[in-house]
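2 protein chains.
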Amino acid sequence: MDSVEMKFSKLGVENAPGQEVRQKNNKVEMQVDKIPGIPVDFSHGDVDAFEPIPGTLDQFIEGVQIGSKQAYTEYRGNKKIREETAEKLANFTSTKIDADKNLIITPGTQGALFLAMGASLSRNDKVAIVKPDYFANRKLVEFFDGEVIPIQMDYLRSTSEAGVDLTQLEASFKAGVKLFLFSNPNNPTGVVYSQNEIREIAKLAQQYEVKVIVDELYARLVFEGQYYTHISAQKILDPENLITIMGPSKTESLSGYRLGVAFGSSKIIDRMEKLQAIVSLRASGYSQVVLNSWFNEPDGWMVKRIEQHQAIRDDLIRKLLSIKGIQVRATEAGSYLFPKLPELTVTLEEFVKVLRNQANVIVTPGTEFGPQFTDSFRINFSQNHKAAAAAIDRINKAVEAYRK
Amino acid sequence: MDSVEMKFSKLGVENAPGQEVRQKNNKVEMQVDKIPGIPVDFSHGDVDAFEPIPGTLDQFIEGVQIGSKQAYTEYRGNKKIREETAEKLANFTSTKIDADKNLIITPGTQGALFLAMGASLSRNDKVAIVKPDYFANRKLVEFFDGEVIPIQMDYLRSTSEAGVDLTQLEASFKAGVKLFLFSNPNNPTGVVYSQNEIREIAKLAQQYEVKVIVDELYARLVFEGQYYTHISAQKILDPENLITIMGPSKTESLSGYRLGVAFGSSKIIDRMEKLQAIVSLRASGYSQVVLNSWFNEPDGWMVKRIEQHQAIRDDLIRKLLSIKGIQVRATEAGSYLFPKLPELTVTLEEFVKVLRNQANVIVTPGTEFGPQFTDSFRINFSQNHKAAAAAIDRINKAVEAYRK
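Protein sequence lines, in the order shown, are assigned to chains A and B. Numbered according to the numbering used here, the first sequence spans residues -1 to 402. Numbered according to the numbering used here, the second sequence spans residues -1 to 402.
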């Protein structure tokens, strides 16, 4: 096996959201008859249930009408759109952002993550990664020949903090970690880091000169009573060692346009642009115009969106907790839940297949977020409310059929 | 300097097409007054002069209307769109393409190139790269820690073949080259490889077990009297060692939608999808629908497009050859010209700045395509015909002002 073959053998996508169609259909003994119901794909949000920001298609069309100038923007994105976006994000995060130096528009938040990692990592660098966290984080470190140093997060311990192990984090920094990559709100658990946790992370990173990449994709969908802390606003960490990533793909349902943004360190942003030049040139020029609608939603639109998601969350949490032995922490921001199952007679992989084949429910196995999560699964509850609730009832039935 | 810093120091983008706005304005002594005229940006095609395939925006809108299913396709692209695209490309290239195994939709042809290279290259692999060839080719090899083995192409020698040095190519294969990456038609010269050259390349690659990635981006814009040979149709090279890249960004003016396609080796395509999952997830789901218009243009549309480009080419060639000492080979396919300048009193870098500042003409310096091309520049003549012709007159004046 040559090194590229070895590298790719670790980069599976079969269990990633939306990829289920590519799975080989290994046999699982089905102990339940089909449980009928409207199919629900919890692996990603449903943009038919929660539609894109009004007017976004019109802005794309405007982009097409502008023509050549909009089709061929600078690799880091159209200057005027960068300026407007920088101003909106500076307001939202209480951070100083120079549109010319500190911001790049990317093809989706995934694009921003890839570029930020590629622009920061040297071969063999140690990278601290929270367990659980977004499944691509580990894969990115492996692709760039870094070494993953896992940091445990005991998210079921408390509801006043995320539960990240700061002692372990400091030990890893002491042991030579170069970069800390994490999502806040956390994907897959939906928990938000406390202000104290964020400030401690910033202090440690500053003390040990560790770069930080924070994925704040879901930072706008914060539920009632929850306080959210932007690490970029703390003024603790050298801004040249920090990249923040956001985008309108989730809460705003604009994933189909492939738009993301990274802001922070001018040095890393410069490199990200150089990398973008050979990765995909730029985010779709026409799509870039759609960013004008971001943070410019109609009055009350975002408030309503948050309320609707909160109502679904409450309903699903209630239903999940009624299943004996299931543990779950209520989402504080974003639209993920990460329930922990009671002991079953089948493996998680098999149970996920049962849900898909017998119950018309697609969930993402916990093992995508860390190898030890063999008893958890992630659901994205940005779905039709009724259909999502009914799908949890079907999960309930499947759990009972396979309970040990 | 750590290794990531070193790597990025080699990845300049300041002279890349569309990036001129980011250049520092070092002083060049201006020996000519401003030469007035309509600005022409020869660094890329003008999609205002040559508009996208009719109906493409409607197809994008159709994609938005399909909604969630289209926003979240498989990473390799929507199945039905892949099937239709595979059939069209199979017909065009006389190649067998299984839509499920042998094809991936990517964010632009650049995306396909990046994924194909990332999925094929191990660290320290030797990669044969033609001089001159597309500027990203060298950068991709460097980014993936490969070693560039330059292969000379004497494109001014003859008009019956591209002029690639097959002896040098074989020697490089013998010396352990793992991969040969080249564009046909060649970017920046617009020359087409002869059938004999293509078959020899295929034979050598087969003999020495070298993988081949061929960028056929401009393979549809072939001018009168020119024969074009798809390497995939020759049945000489093991199809599992070949990737062909195409896309509708250039001839079809769809660059703003960011769409590309790679087809060939199922093993490499599988890896490309795994890589796409961490690079940008997928080509914009809505944009993917636009591929339906590709190879489905209205009757006569492509014929007319080729005729119009050929008329511009003829006019520009005539004007360029009237400048004493300029050497240029007429484009055989695509919309690039790569004129070689007579000796000037300024460097190429300075001359390119003079053209931009004094003559309102943007060209790409030859050094982007190989360090030895300090006397050549590339123009993309997919422009308004009159404006392009007038711009060549201004280049003529600038050459006279700086002639040695």
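Just so you know, the hints here were simulated from the structure itself, not pulled from any lab data. Remember, predicted model here, so these are calculated numbers, not experimental data. Treat the hints loosely; a few may be bogus.
Because identical chains share one entry, a pair is satisfied inside a single copy or across any pair of copies.
Straight-line distance between alpha carbons at most 20 Å, and here's what the computed DMTMM-like set of lysine to aspartate or glutamate pairs gives [as the list claims (entries may be wrong)]: (1) LYS32 <-> ASP236; (2) LYS402 <-> ASP313; (3) LYS265 <-> ASP0; (4) LYS384 <-> GLU49.
Hint check, failures only: Numbers 1, 2 - these are the hints that the structure violates, sorted from lowest upward.
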